[in-house]
Structures are given as structure tokens and as C-alpha cells.
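Visitor: Read off the chains here:
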Amino acid sequence: MDGKTQNQMAWLFVLPVVVLVAFNAIIPLMAVVNYSVQETFGNNMFFFEGVKWFEQVLNSDRFHASLGRQLVFSGTILAIEVPLGVAIALAMPRRGAWVSVCLVLMALPLLIPWNVVGAMWNIFALPDIGMLGRLLNDLGFNYNYTQQPLSAWATLIAMDVWHWTSLVVLLAYAGLSAIPDAYYQAAKIDGASSWAVFRYIQLPKMKRVLTIAVLLRLMDSFNIHTEPFVLTGGGPGNATTLLSIDLVKIALGQFDLGPAAAMSIIYFLIILLLSWIFYAVMTRDEEA
Amino acid sequence: MRKLGWLIPALYILFLLLPIYWLVSMSFKTTNEILGAFTLWPKKFTLENYQKIFTDPTWYNGYLNSLIYVLINTAISVVVALPAAYAFSRYRFLGDKHLFFWLLTNRMAPAAVFALPFFQLYSAIGLFDTHIAVALAHCLFNIPLAVWILEGFMSSVPKQLDETAYLDGYGFCRFFLKIFLPTIAAGIGVAAFFCFMFSWVELLLAKTLTSVAAKPIAATMTRTASSSGYELGLLAAAGTLTIIPGAFVIYFVRNYIAKGFALGRV
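Chains as they are written, first to last, in this note's numbering: chain G, 1 to 288; chain W, 1 to 266.
Calculated from the structure, these hints are not laboratory results.
Fair warning: there could be bad hints in the mix.
[What the hints assert, rightly or not] Computed far set for chain G versus chain W, every beta-carbon distance over 10 Å: (1) A31; (2) F48; (3) R95; (4) A119; (5) G140; (6) W162; (7) A187; (8) H225; (9) A239.
[Unchecked claim] The calculated EDC-like cross-link candidates involving lysine to aspartate or glutamate, where the alpha carbons are at most 20 Å apart (straight line), are: (10) K43/W / E163/W; (11) K207/W / D129/W; (12) K205/G / D181/G; (13) K44/W / E33/W; (14) K43/W / D128/G; (15) K178/W / D168/W; (16) K4/G / D96/W; (17) K207/W / D128/G; (18) K159/W / D96/W; (19) K4/G / E33/W; (20) K52/W / E231/W; (21) K52/G / E39/G; (22) K4/G / D56/W; (23) K207/G / D190/G; (24) K52/G / D220/G.
Bear in mind the structure is a predicted one, so any value in this text is a computation, not a measurement.
Here a beta-carbon is modelled for each residue, glycine too, at the ideal position from N, C-alpha and C.
The task is simple: from the sequences and hints, build the whole structure.
Guide: In C-alpha cells:
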């Protein structure tokens, strides 16, 4: 069929991977499941509570608010980063010395530790002594990300666009490089407009890598914690408290293990569900 | 329109470099200058901040700790991912597709969900505050990624290579080490790059699993920032130094970065 040999011995090859990942994934996950159905009063005494925590979390306004903010955040950054990344990849030179220069400079933000990204933007956007904050205020905008929710959101989104658009660029560029020159020549002979070239040649060829890009950005934007935590700490008030920030507040700040664990599981299931829906929709026509 | 096309990447790169410039320039300023007046470049150029980092063991040990666990993690991830990726690319076996998907789901696991159980798990087995604990914990997301990338590279090598080698009398181990690995050297480089990258930038788990002996540089930064007041210059210098290893690694793999993504399969 696909040229692969049936060989059950292959399990020996994957065994080390399975053992290592399972050790890290299954034991902690079971611990979370345990907490999510129990109540503790300290002293390592646990009482079975059933689905009480799940009901509590699902009905709490606080969870709805964080989830809402999370969806707005993920939706906004996807709507900006994906088209912007594709546009930049299209405008990049195809060959020559500049390609390496572009790729190296663009990959730079991806390799900066996440808390440094947060700290860097924190310094960059300070309203009195930061370059961005000073510039905006001198231009007459009333900008202060530690006081106004709107400023905080704008900074948060600018930071994420700064941090991750390059990933979309790299992926889209890789997809574009894989298109043979013959396709473009054929389009030229047919007198196709540049929009037609994009719509019928470049976009279909990029579909695969863009699927990876959107999946990675969706998963990672849902998991984002360190950068907004360092930038705004979830504030002002709760204005930028995304799901993971709220979760860490509940689990490590208030030590409410039960609700935190139940929230973890709901949170993980939402990511799995969203990724799966997107993946299924994108690969629907390939299966047929 | 065509002629001005270069403007888009150029403006984008400018946007990327501005915050980095601000960080670097701040690292050469004195605390007085930072807090006192707004200056676009250091008026009184100083190396004081860097001097402090290179002479204070709590600072430079942070860098060493980070580098140690990142390198251990990269080595473990790539070494165990190699045979697994070979199995996924060459053989069909019971549950192979499900296993592959399960591996990928671990890439989605929010670190925030796992922080507390990880702390308890590694404390229970006595590895808390060791480099190996962080290296093992980062395997959670790096091994699936390494398997994913390597499988893509391996599948692009024709199966005839394996068969010819066996006909020539090579045993599996000799074939794998002497012929197959050199063929996919680029893939190994890309996989190692991504493992290095994700282990280097991750902080939440690294911070949760360490206290003193293996504390990563990123955690040294956050704790210093909060404990000893508002030393922005020092913070900026430490941040600048964390960019260097990454820039170094990117330079070496610049030709393979784009390729590595393209060959991976969803």
C-alpha cells in the first residue's frame, strides 16, 4: 500500500519514546484527574467529590470571563499573524544572499526566552521611559499599559505579533519554495493575473504548511503564559488574565487544587477539540 | 508594486529589531540615566551591568544551568527520536497511527496544567532541582516534535537505500549508523535546532522544577527583578545575553530552517 513493511518488532524502536513521554504525560495527567474529583483540607487527607469541581468551574463567571478573553486573544492574533506572515513570505526574495539575511533576522524573536520577550516589551512600552510608550504619548495618544485595559491589550497583541509572525513567515516561505518554476512559467503563458497565481497556485501549495502554522499558533496561543504574565501580570485588574494565568493563580496562588485541576482538564479538552476540528476541516478533501 | 515589494520584509525586520535595540541600548546605560531622562542611545556608555553578571556566580551559573539542561534535553530527544522516527517511516505496526497522534497531543499540553504535578512527580523520585529533571520534563514536548520532524526527513529517503544496503551484507546497526544517519544529517540538525529552541525559551516548567542548584537564567532574572528593586539596566543586560546563544544557533542552521518545516507532515 504505502510501501511500509508490517513489522511488530518496530515497537522496540518506539519503546524509549513511549516510556519517556508517558512518564511525563500520563503520571502528571492522572494526578490532575485525581485532584479534580477530590476535596482536601490539608494533611494529605482527600475526600471524593465526584464532578462537583467541574460543575463549579463550568458555572463560574470567572472561568467564562477568562475563556472569553482567551478566545478573543487567540482569534485576534491568528487574524493578524496568518495574513501578515503570508504577505511577508510572498514579498521575500526567492534566491540570493538576502534570503539568509532575512531568515536569520526573522527567526531571532523565536529564540528569545519567553520571559525575556515579556521583559523586553515591558521596557519598550513603558509610557515615560520606553521608546514605544514615549513615542505614542508624544504623538498625543493617551497610552499607559499598566493603567488602561485598551493599552494593555494593544501591547499584548503587538508583542505576540512581534514574537510569532516569523513562524508563519518561515512556514509559508518553505511552502512557496517548494513550488517548481514551471508552474509560474505556465501561468505567465496563460496570462494569469498575480491574484490568479496566488489563488490557484501559491495558496493551494501552501495549504499544508499553513495548516501546521495555524495549528501551532492556535495551540501555543492557548498555552501562552509567561509573556503576558511578565508584561502585565494579567492586569490592569483582570483585563488581560488569560486562561493559563487564571489557572496558575488558582492552583499556585490560592492552592485550590480541586477547582484548578478540573479547570486544567476542561482547558486541555478545549484545546484538543479546537485543534481536532480545525485539522479535520483542513484535511477533509485529502481523505476523499 | 513589484519594485516596492522589498519594503514589506524590510519594514517587518525593522519592527522586529526595534524592541531588541531598546533592550541592548538600555543594557549599556546606568540606572540613573534610564530613570532620569529619555535618551535614544546611551549618553554615558557603561559596561557596569555586564561586569556584574560576569563576576557574580548567581548570575553566570544561571546561564550555565540553562545551557546544561538544554543540551542534555536536545541529546536525549534526538537520540530516542531517531529509532522511533525510523519505525514510523518504514514499518506498519499495531497502533502506529494512534501512537503518532497521541505523541502529537502532548505538544498541545499547556505547561500551566502540568506545573504542579511535575513538581510533585520529580520531588517524589528525588530529582527536584537537578538539571536532568528539567531535561526530562522538556522531553514532553520536544520528543514528539523531534519524531515529527525526523519522520518527515526519513520518509523522503527512498526505501531502496535500505534494501540495497541489506543486500550488500550490512547488518541493521551498521547500516543505520554508517549509511542512514549521514543521509539524514540535515534532518538531525533541524530536529536538534528545534529541541534546543523550545527548551531554551521555556520557563514555567524549568522554574517549577528548580530552586537553587539548577536554577535557569530566566528564573534568576525574574527573581532578581522583583527582589532587588528596579534595576532595569541589569535586567536588560541579562536579557541581551540570553539572545546570543539563540542567534548563534540560528546562524548555523539558517539554510535548513525553512526546509525542516516543509518536510514535516501533519
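Visitor: The structure should be examined with respect to each hint, and the outcome stated for every one.
Guide: Hint-by-hint comparison with the structure:
1. A31: It is violated; A31/G is separated from chain W by about 4 Å at its closest Cβ, not greater than 10 Å.
2. F48: 19 Å, holds
3. R95: At roughly 12 Å from the nearest Cβ of chain W, R95/G sits farther out than 10 Å, so the non-interface label holds.
4. A119: 6 Å, violated
5. G140: 17 Å, holds
6. W162: At roughly 7 Å from the nearest Cβ of chain W, W162/G sits no farther out than 10 Å, so the non-interface label is violated.
7. A187: 15 Å, holds
8. H225: Its Cβ does come within 10 Å of chain W, the nearest being 5 Å, so this is violated.
9. A239: About 19 Å separates A239/G from the closest Cβ of chain W, which puts it past 10 Å; holds.
10. K43/W / E163/W: 67 Å, violated
11. K207/W / D129/W: Holds, at roughly 9 Å.
12. K205/G / D181/G: 13 Å, holds
13. K44/W / E33/W: Given pair K44/W, E33/W holds - Cα atoms ~8 Å apart, limit 20 Å.
14. K43/W / D128/G: 18 Å, holds
15. K178/W / D168/W: 13 Å, holds
16. K4/G / D96/W: 12 Å, holds
17. K207/W / D128/G: Status violated; Cα separation ~31 Å.
18. K159/W / D96/W: Given pair K159/W, D96/W holds - Cα atoms ~19 Å apart, limit 20 Å.
19. K4/G / E33/W: Distance of about 66 Å is beyond 20 Å: violated.
20. K52/W / E231/W: 12 Å, holds
21. K52/G / E39/G: It holds: about 10 Å lies between the C-alpha atoms, which stays within 20 Å.
22. K4/G / D56/W: Violated - the C-alpha atoms of D56/W and K4/G are around 56 Å apart, more than 20 Å.
23. K207/G / D190/G: 23 Å, violated
24. K52/G / D220/G: 29 Å, violated
In summary, the structure is inconsistent with hints 1, 4, 6, 8, 10, 17, 19, 22, 23, 24 from the numbered list given earlier, while agreeing with the others.
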